[in-house]
Amino acid sequence: MLKVAKAYHKKGVDVNIATRLLVGAFRDKYDTAYLISSDSDLIPAVSECQAAGKTICYIGFQAKPSYALLKTCLRSVLLTKKDLLPFSKKS
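Just so we're aligned, residue 60 is where the sequence shown starts under the numbering used here, counting upward by one.
For the record, the hints were derived by calculation from the structure and aren't laboratory data.
Everything numeric in this text was worked out from a predicted model, so none of it was measured.
Ideal placement from N, C-alpha and C gives every residue a C-beta, glycine not left out.
Hints should not be assumed to be uniformly reliable.
As the list claims (entries may be wrong) - Listed next, with one range per pair, are the computed distances between beta-carbon atoms:
# : residue 1 : residue 2 : range
1 : Leu129    : Arg79     : 13 to 23 angstroms
2 : Val74     : Gln109    : 11 to 21 angstroms
3 : Gly112    : Lys148    : 36 to 46 angstroms
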């Protein structure tokens with residue numbers, strides 16, 4: 060976390076995800092990885108993992124999907140608000 064002014068910003072998250080995807084693929088730790096991120100900076104790592112025979116499933120939101128990840132990933136699931144309602148706090 061990096062503090063700028065009075066707010067904290069996450070730094071290096073995309074690099075950490077890409078590294079874990081690639082290392083896991085290299086070490087044969089998974090057959091399918093579920094990517095819950097719409098960061099298109101992850102596409103090179105996704106492509107390399109898939110070239111190594113791994114399946115990357117993109118999990119995104121139907122209201123604002125990453126079309127680049129939809130196109131790149133072998134599988135995709137787009138969640139709707141209705142899908143998430145059972146997990147929200149009830150008032």
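Checked hints:
no. : hint                                  : in the structure
1   : Leu129 <-> Arg79: 13 to 23 angstroms  : 21 angstroms, holds
2   : Val74 <-> Gln109: 11 to 21 angstroms  : 19 angstroms, holds
3   : Gly112 <-> Lys148: 36 to 46 angstroms : 41 angstroms, holds
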